[in-house]
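Going line by line, the protein sequences match chains L and F.
Residue numbering for the first sequence follows the numbering used here, starting at 49 and increasing by one per position.
Residue numbering for the second sequence follows the numbering used here, starting at 29 and increasing by one per position.
Hints were generated in silico from the structure; no laboratory data involved.
Take these hints with a grain of salt, some might be off.
Covered stretches of chain F, going by a simulated chain L footprint (3 or more residues, C-beta under 8 Å) [to be verified]:
| no. | stretch |
| --- | --- |
| 1 | 30-40 |
| 2 | 84-94 |
| 3 | 98-104 |
To list a few chain F residues with every Cβ distance to chain L over 10 Å, as calculated [stated by the list, open to error]:
| no. | residue |
| --- | --- |
| 4 | D48 |
| 5 | D55 |
| 6 | T57 |
| 7 | E60 |
| 8 | W62 |
| 9 | A63 |
| 10 | T64 |
| 11 | R69 |
| 12 | A78 |
Each residue gets a CB set at the ideal place from its N, CA and C atoms; glycine is no exception.
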Amino acid sequence: MHIEVCEHPFNPWERLASFESEKGPRPGGFGATATFVGTMRDFNEGDDVVSLTLEHYPGMTERQLERIVSEVDDRDGLLDVLVLHRVGQVVPGDPIVLVAVWSAHRAAAFTACRQIMEALKSSAPFWKKEELKDGQRWVAQNTPG
Amino acid sequence: MPIRVRYFASLRERIGRSEDSLDAKPDLTVAEVWATLQPDRPLDSNTLAAVNQEYVESDRRVLDGDEVAFFPPVTGG
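Chain L on its own, in the form it takes in the complex (with noise of 0.2 Å):
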């Protein structure tokens, strides 16, 4: 497993390639690979958005995305997780998160998958600001789905 949070821009394709090829699960040894990537947009609420800030709580965020990767339902059935979330700032079109999970059977992964991204939605320490054409504004909540 590894957890990361990047203060610098990630090619997500690039760091899973070398995440499997490093360290990662044993080649042969899993059936599937559920990913999810989270890109900047460049609208939100129906304004053009410039750019995004993200800040979050050293330690604790670290610490509640391994407790979130624990808590999976079906946790044995993980053969690995990578979990890498940005901070600071993020212009339309670069990644923001990845969750890559990978199993002996596709079912495992893509529960966990969606299990980790809604879990790290609603309880991973990070928080959006936003800079609009005329202005600034945090973002005060995350969306349903």
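Chain F: place on chain L using the hints.
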């Protein structure tokens, strides 16, 4: 050791600083920490609290040397 109290995101901006410090008292709760430091701001029901980097309810007791944090609903992902 005093209690270290931290504020994040929009709450930090509203309060105008990122930290406070408070001496512990017997049976002090998270809600009382807030009320002592922010007497003019009722604790919003949306505000989340953590002690030593774990989520807690506002009736949780706070001890000498603890780190208490208050922050708004999270919006990551």
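Hint numbers not upheld by this structure, sorted from lowest to highest: The structure conflicts with hints 2, 12, although it agrees with all the remaining ones.
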